[in-house]
Amino acid sequence: MFRRERSLPLRGSAAALCNNLSVLQVPARNLTHFGVVHGPSAQLLSAAPEGVPLAQRKLHAKEGAGVSPPLITQVHWCVLPFRVLLVLTSHRGIQMYESDGSVMVYWHALDSGDASPVQAVFARGIASSGRFICVGTWSGRVLVFDIPAKGPNIVLSEELAGHQTSVTDIATEPAQGQDCVADMVTADDSGLLCVWRSGPEFKLMTQIPGFGVPCPSVQLWHGTVAAGYGDGQVRLYEASTGTLHVQISAHARAICALDLAPEVGKLLSAAEDTFVHIWKLSRSPESGHTEVEHCHGECVPDTQVCGARFCDPSGSSFAVTGYDLAEILRFSSV
Amino acid sequence: MEGVARMSWARPSPLPPAREGKPPREPRTHTTYRGGRCRRPNQCPLRAPPNKRPADWLLRPSAALPWQPGNRTRRPSIQASGSQSRGPSPAPPASDTMSVRTLPLLFLNLGGEMLYILDQRLRAQNIPGDKARKVLNDIISTMFNRKFMEELFKPQELYSKKALRTIYDRLAHASIMRLNQASMDKVYGGLPAGEFQLIRQTLLIFFQDLHIRVSIFLKDKVQNSNGRFVLPVSGPVPWGTEVPGLIRMFNDKGKEVKKVEFKHGGHYVTAPKEGSFELYGDRVLKLGTNMYSMNRPVETHMSGASKSLASRTQESIAPNPLAKEELNFLARLMGGMEIKKPSGPEPGFRLNLFTTDEEEEQAALTRPEELSYEVINIQATQDQQRNEELARIMGEFEVTDQPRQSASKGDDLLAMMDEL
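Protein sequences, first through last, are from chains A and B.
Heads up: the first sequence runs through residues 1 to 334, numbered per full-length UniProt numbering.
Heads up: the second sequence runs through residues 1 to 420, numbered per full-length UniProt numbering.
No lab work stands behind these hints: they were computed from the structure.
Each hint should be verified, as a subset may be incorrect.
As the list claims (entries may be wrong) - Stretches of chain B that chain A covers, calculated by requiring three or more beta carbons in the stretch to come under 8 Å of a beta carbon on chain A:
{"hint": "1", "stretch": "114-124"}
{"hint": "2", "stretch": "253-263"}
What the hints assert, rightly or not - Calculated pairs, DSBU-like style, for lysine-lysine (alpha carbon to alpha carbon, straight line, at most 35 Å):
{"hint": "3", "chain 1": "B", "residue 1": "K162", "chain 2": "A", "residue 2": "K58"}
{"hint": "4", "chain 1": "B", "residue 1": "K253", "chain 2": "A", "residue 2": "K203"}
{"hint": "5", "chain 1": "B", "residue 1": "K219", "chain 2": "B", "residue 2": "K286"}
{"hint": "6", "chain 1": "B", "residue 1": "K253", "chain 2": "A", "residue 2": "K280"}
{"hint": "7", "chain 1": "B", "residue 1": "K161", "chain 2": "A", "residue 2": "K58"}
{"hint": "8", "chain 1": "B", "residue 1": "K286", "chain 2": "B", "residue 2": "K162"}
{"hint": "9", "chain 1": "B", "residue 1": "K134", "chain 2": "B", "residue 2": "K219"}
{"hint": "10", "chain 1": "A", "residue 1": "K150", "chain 2": "A", "residue 2": "K203"}
{"hint": "11", "chain 1": "A", "residue 1": "K58", "chain 2": "A", "residue 2": "K150"}
{"hint": "12", "chain 1": "A", "residue 1": "K62", "chain 2": "B", "residue 2": "K162"}
{"hint": "13", "chain 1": "B", "residue 1": "K134", "chain 2": "B", "residue 2": "K162"}
{"hint": "14", "chain 1": "A", "residue 1": "K280", "chain 2": "B", "residue 2": "K263"}
{"hint": "15", "chain 1": "B", "residue 1": "K154", "chain 2": "A", "residue 2": "K62"}
{"hint": "16", "chain 1": "B", "residue 1": "K263", "chain 2": "B", "residue 2": "K219"}
{"hint": "17", "chain 1": "B", "residue 1": "K162", "chain 2": "B", "residue 2": "K131"}
{"hint": "18", "chain 1": "A", "residue 1": "K62", "chain 2": "B", "residue 2": "K259"}
{"hint": "19", "chain 1": "B", "residue 1": "K273", "chain 2": "B", "residue 2": "K221"}
{"hint": "20", "chain 1": "B", "residue 1": "K131", "chain 2": "A", "residue 2": "K280"}
{"hint": "21", "chain 1": "B", "residue 1": "K154", "chain 2": "B", "residue 2": "K286"}
{"hint": "22", "chain 1": "A", "residue 1": "K62", "chain 2": "A", "residue 2": "K203"}
{"hint": "23", "chain 1": "B", "residue 1": "K134", "chain 2": "B", "residue 2": "K258"}
{"hint": "24", "chain 1": "B", "residue 1": "K273", "chain 2": "B", "residue 2": "K154"}
{"hint": "25", "chain 1": "B", "residue 1": "K273", "chain 2": "B", "residue 2": "K286"}
{"hint": "26", "chain 1": "B", "residue 1": "K258", "chain 2": "A", "residue 2": "K280"}
{"hint": "27", "chain 1": "B", "residue 1": "K258", "chain 2": "B", "residue 2": "K273"}
{"hint": "28", "chain 1": "B", "residue 1": "K286", "chain 2": "B", "residue 2": "K221"}
{"hint": "29", "chain 1": "B", "residue 1": "K255", "chain 2": "B", "residue 2": "K273"}
{"hint": "30", "chain 1": "B", "residue 1": "K255", "chain 2": "B", "residue 2": "K221"}
{"hint": "31", "chain 1": "A", "residue 1": "K203", "chain 2": "B", "residue 2": "K255"}
{"hint": "32", "chain 1": "B", "residue 1": "K255", "chain 2": "A", "residue 2": "K280"}
{"hint": "33", "chain 1": "B", "residue 1": "K259", "chain 2": "B", "residue 2": "K162"}
{"hint": "34", "chain 1": "B", "residue 1": "K131", "chain 2": "B", "residue 2": "K221"}
{"hint": "35", "chain 1": "B", "residue 1": "K219", "chain 2": "B", "residue 2": "K131"}
{"hint": "36", "chain 1": "B", "residue 1": "K286", "chain 2": "B", "residue 2": "K161"}
Built from N, CA and C at the ideal position, the CB exists for glycine as well.
Kindly produce the complete structure, drawing on both the sequences and the hints.
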């Protein structure tokens, strides 16, 4: 059972983007950071336990050539072996900051080269894999940045081609041992999933085709890909082979966010139907098949949910944002 | 909504100066919807600049106008079609808003809602039927003017709220154009689902942080008192979506090995059928329909029998005699007035609770037998004591004969829209 905790007020409401909430837990300092996109700006908020808000900061996308300020598509903290960077993607390019958002350490402008005038140019989909940060783009290309242990000498090391339509989300997990096959999955607007193995050169391992329904959010846990789709379905695939293991009719509207609590294998799904569901992933000992059990459902009345994250690795608390809502809703288990 | 047009009445601007060797230009006037000429040609902000075609002046704030919508209004970057060569247009700068296909949807949807509201206001104010039809016809014709549609459907950034408001203001004073129909299929027909999601997100950015409460939304319980819209967790799921509640597990061969149900918290049912995308057809959804005609079934094809009776307005007769007769009847009921034997035919009036006489007759025909009733006559004028008491009460009522005069021609429509 979960109960509603004190909300965190935001200075600007949340935009109707997918994956519109990022959470960074800093257990050493007993702090939790939250990041939400408002539109042309993103809000960073840090809170103490019990939801006491401490500091707020606003970040903007770099000015563009057009008439209106460029819109931010996503904000996300990337935890790397020796540092944490905050990455902000927009219709202009990719900005990377120190984890508190105080200093911009890197800026990459998007190349709109062969885009037709009707096409929106943007970056979207952020994840870290080892010492790399991977960011998706409107064209389907995934940019791989090599991040040094400290300093601003960030280098674009690779451009991955695998998608034909705009990337929506990227998920990674630490390599599961020496014989690990796959540790990154990318998703796009056509529902196509690409499974990669990271390294000095990333290698495409498998492609899981879509059905024309966008896949706005994806997660990876112990070699299992969890994907949420625009038709409210959550599907779990074996990452190395692409075999479908579980299909859940989870929501009545498009799914906007998925998150994982890796310690316990809990999956959080949120959709525009105002519901947030928590699922328990497990592997059956006899058959070795992936199994799913529904743990909890929460309705956020009259709210088009746009972001949801667990707030601790054991999945005992989570936070939710909604379109046009100027607060972060928090829930914790009793 | 701010009354932007009102600012211009206080600031008269001079006639345009005479050009060399030519007589001073006559100010252009335009016909207002009431059939007269606009009496403030030099000051009217809605005057079409001379020699400009409708598509131009609708979309481009012109320097010839005596007022500008404000510094923050975005100037559309697309040139009017008349001044552009027929070759491929130069690529506009890369868009910083998410989708460049959003404006037609926003404009046509808001325009449609404006038409519903105008239609309701025209009927509520008893505007004569032919005049009301002319107003709506003029506006619809201009909205769907072919050149305007061509400009509208060109990929471009979304206008600001102020710029969009300016366009609707001008639309309200449009003159008659040729009626044409835009083909949505060419632009939206082949779009992938991801593009639609982008268009949707762009539209939601446009409406973000607006918490305006609308009385008809509050009344119909589609909006809460805090301004947020109600999102029901019951009803049919969209076509192509499954009712939530099922977990299916498969083995490596793809065979289903386990099926588990879970409680998802809503009360959803399967979609009955897919809405029609044809020009006329059953849309299934209520989106885009007229909230003011809730009691009538909505059909998109026009046959003679199904034309809504409510769309026909009564010819307005001079209100005074009728009002006077109603008050006389009330007075007679209350016993405060002697019943004079009428010299001519009975001047009384008939009370009709339906919108039109035809509806009343229809209802009478379709009324089931078992609900018929006997007519009982009640004499309400006999009791003398009650008459005095009622006469005293009636004396306290004030009767105003003066109907509300409109301030000036050409002002009414804007005033109506501002009041909304």
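Consistency of the hints with the structure:
no., hint, in the structure
1, 114-124, "violated (count 0)"
2, 253-263, "holds (count 6)"
3, B:K162 x A:K58, "holds (26 Å)"
4, B:K253 x A:K203, "holds (26 Å)"
5, B:K219 x B:K286, "holds (17 Å)"
6, B:K253 x A:K280, "holds (23 Å)"
7, B:K161 x A:K58, "holds (24 Å)"
8, B:K286 x B:K162, "holds (28 Å)"
9, B:K134 x B:K219, "holds (30 Å)"
10, A:K150 x A:K203, "holds (26 Å)"
11, A:K58 x A:K150, "holds (24 Å)"
12, A:K62 x B:K162, "holds (25 Å)"
13, B:K134 x B:K162, "holds (27 Å)"
14, A:K280 x B:K263, "holds (15 Å)"
15, B:K154 x A:K62, "holds (27 Å)"
16, B:K263 x B:K219, "holds (32 Å)"
17, B:K162 x B:K131, "holds (29 Å)"
18, A:K62 x B:K259, "violated (50 Å)"
19, B:K273 x B:K221, "holds (26 Å)"
20, B:K131 x A:K280, "violated (66 Å)"
21, B:K154 x B:K286, "holds (28 Å)"
22, A:K62 x A:K203, "holds (32 Å)"
23, B:K134 x B:K258, "violated (64 Å)"
24, B:K273 x B:K154, "holds (33 Å)"
25, B:K273 x B:K286, "holds (14 Å)"
26, B:K258 x A:K280, "holds (16 Å)"
27, B:K258 x B:K273, "holds (29 Å)"
28, B:K286 x B:K221, "holds (15 Å)"
29, B:K255 x B:K273, "holds (29 Å)"
30, B:K255 x B:K221, "violated (46 Å)"
31, A:K203 x B:K255, "holds (30 Å)"
32, B:K255 x A:K280, "holds (22 Å)"
33, B:K259 x B:K162, "violated (54 Å)"
34, B:K131 x B:K221, "holds (34 Å)"
35, B:K219 x B:K131, "holds (30 Å)"
36, B:K286 x B:K161, "holds (26 Å)"
Of the numbered hints given earlier, the model fails hints 1, 18, 20, 23, 30, 33; all others are met.
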